[in-house]
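Number of protein chains: 2
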Amino acid sequence: MDKLIDKALAGDTRAIARIISLIENGDPVSDAVMRRIYPLTGRAVVIGITGSPGAGKSTLTDKVIESFRKQGKTVGIIAIDPSSPFSGGAILADRIRMQRHTGDDGVYIRSMGTRGSLGGLSRGTREAVLLLDACGKDVIVIETVGVGQSEVDIIKLADTVCVVLVPGMGDDIQIMKAGIMEIADVFAINKADKPGVDRVAAEVRLMLDLVKNRPWTPPVHLTIAENGDGVDEFAESILKHHDFIKNSPEGAKVEYRRLSSEVEDILLKNLSRRTEKIWKNHMSEELMKELAARETNPYLVAADILKKIFPHG
Amino acid sequence: MDKLIDKALAGDTRAIARIISLIENGDPVSDAVMRRIYPLTGRAVVIGITGSPGAGKSTLTDKVIESFRKQGKTVGIIAIDPSSPFSGGAILADRIRMQRHTGDDGVYIRSMGTRGSLGGLSRGTREAVLLLDACGKDVIVIETVGVGQSEVDIIKLADTVCVVLVPGMGDDIQIMKAGIMEIADVFAINKADKPGVDRVAAEVRLMLDLVKNRPWTPPVHLTIAENGDGVDEFAESILKHHDFIKNSPEGAKVEYRRLSSEVEDILLKNLSRRTEKIWKNHMSEELMKELAARETNPYLVAADILKKIFPHG
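So the sequences go chain by chain: A and B. Residues in the first sequence are numbered from 161 upward in steps of one, following our numbering. Residues in the second sequence are numbered from 161 upward in steps of one, following our numbering.
Keep in mind that the hints were calculated from the coordinates and are not lab data. Errors might be hidden in some of the hints.
Computed Cβ-Cβ distance ranges for the label pairs, DEER-style [to be verified]:
| # | chain 1 | residue 1 | chain 2 | residue 2 | range |
| --- | --- | --- | --- | --- | --- |
| 1 | A | E342 | B | L370 | 35 to 43 angstroms |
| 2 | B | G328 | A | K413 | 43 to 51 angstroms |
| 3 | A | D298 | B | L370 | 38 to 46 angstroms |
| 4 | A | A463 | B | R178 | 49 to 57 angstroms |
Note that the structure is a prediction, hence the values are computed from the model and not measured. Backbone N, C-alpha and C define an ideal beta-carbon position, used for all residues, glycine too.
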C-alpha cells in the first residue's frame, strides 16, 4: 500500500485511480491513506461548481479548466454523477464532452457515482479531493449534478463555491436558488446572450444586498460558456476568493468552519456505520412482529439499544 | 403536557399545532409525547407526493385531497417548504392555493421548513405524521418541494410514494427521475393534455419493465390536475397500494423495512446529538489552529472523540 501511495504522490494516474476506487468501495485502508497524505494537503484551490439543471455547468467547467490550463495550472476534476438505480452506472452524456482533456497530462478527471443517495455526494469524494491535493494538483474542481443535497454538501469540501444560473428559469428553480444563494462565493449567469439575463442578475444582486456586512461579497459574472465570453474573469474571481480564504482573518473563520464540519462529517459517518451494525445485531423477526403489531414502538426499541451502548446515560 | 395531548387527541387543532411546534423546535417533551401517542398510530394512509419541480404537485395534491374528502375521509397535510436562508420563513406562493381548505374542519394543513438542509425533510416531520395519525386523520399527505434529498427521505415516512412527472422535461430532469423511479409506488403523469405525454408514459413503463418479479407494479396514471381529469383513479390506486402494504405478505416486508429504518433513524439522531455536544466541548481555538496548520488532521481528531464516546471500542 505504501508503494501505491508513493506512486500516486509521484503523479502516477493509475495509482491515483486505484486508491480512489479502494476508498470508494469502502476499503478499510482509507484511514491509513488519509493519515499519510493529509499533511501534504491544503495547497490546492478547491472549487465546487453547482447550479440549476440545464444551466450549462459542464460546458462552463470545461472552459474554466481551459482558462486555468492557459496559466499553466494542473487540474483535477471530480464529477459527481447520479448512479442509475437500474444499471448502477455513472455515465452522463455531458461528461463525454470533457473527455477531450484526456490527452492532457495536466488534467485528471474522475467520475464518482452518488450511489443511491439522490444528489448527495458520493462516498469517498472528500478523500478523493484530499488525494488530488496531496498529489500536487493546483486546482481541483468538484462538479455536481445540481439537483439537491449535493449543493449543500459541497460547501464542506470546496473552498470556493461557484453557482451557475441561467436566464428564464421557472419559479420552482428560483426556490432551489434560494437554498444555493447562501453557500455561493462566486456567481456565473451563463447563457448570457439569452433574454432575461439582466433580470436574473438584478435578482441575485438584490438577494445579496439583503445580507449586510459580508466580509466577502460574491461577484456576479455574465458568461457565455459556448464561446468562452466572461470565463477568464470568472476564473479570476475564483482565485481572488481563494486568496481571501487563505490570507484574511475573515477567511480563516471560513476555513475553521470547514474544518469543523469535516470533523463532524467523519464522526457522523462512523456513527452511521456503528448504528447500522448495532441495530442489525439487536433486530429479530420477533421484535419486528412486535413493532408491526404496535406492541412496542421504535422510540422504546431505540431507548433500549442506547441503554446498552451507554449504560451510564 | 398530558392535557395538551388529550386535547390534540380530541381533535383540537390548536393543541396539535402547538405540539408540532414544540417538537419542531427540538423540545425534549418530544420523546414522552411519542411514547404516549405511538400505540394509537398505524391507522392512517400515509402518502408522500413528490416529483420534478414544475410538475404541478400542489394542484394535484389539492385535487387528491378533494377526492378523499368526497369519500368522507379526513386529511392531514404536511407541506415541506424550503426555508429561505435570509428570512427563515417557509412560505411558498403555491401553498396559498391550498388555503381554500382552511374552512374545512376535515382538513388540517401544516407547513414545515427544511431549515437549511436544502430539500431534506424538516426536523419533526416523522413525529408530526405520527401525531396526525394518532389524532385520527384518515389520510396524511406529505408534499415535498421535489428538489433533492427529500425524495429519498420521504420513503422512510410514507406508506405510499406518489411520483408526479410531466411531459417535455429536459435531460437533467430525467436524471432526477431515475433516482425517484425506484421509490415510486404510484405514478401520475400530470398535464396530460400537453404534447409528449405518451413518450413519458412509455419511458416510465419501460423503466418499470426492467425490474422483474415485483410484488407490486406501480400503476401509471395520466392526470390533468387543473380540471381534475384522472384524479379519482389516481386516488384509488393510492388506497389499493395501502391495502397491499397492510394486507399482503409482501407488503409486510415493506412495512418491516420502514419500521427498521425508523429505529435506525431515531438511533442516529440520538448519536448525532451526543456527538455534536462532545465535539463542541472538545473543540478549542487552539485545536482549530492546529487543524488549519495541518499539525493534526480531522481523522485523528475524530478518532480521539470516538474513543471518548465508546471507550470499549
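Hints and how they fare:
1. In this structure the supplied range 35 to 43 angstroms holds for A:E342 paired with B:L370, their Cβ-Cβ distance being about 39 angstroms.
2. The hint said 43 to 51 angstroms for the Cβ distance between B:G328 and A:K413, and at roughly 46 angstroms that hint holds.
3. Evaluation of the 38 to 46 angstroms hint for A:D298 and B:L370 yields a pass: the beta carbon distance comes to about 43 angstroms.
4. Checked against the given bound of 49 to 57 angstroms, the beta carbons of A:A463 and B:R178, roughly 25 angstroms apart, lie outside it.
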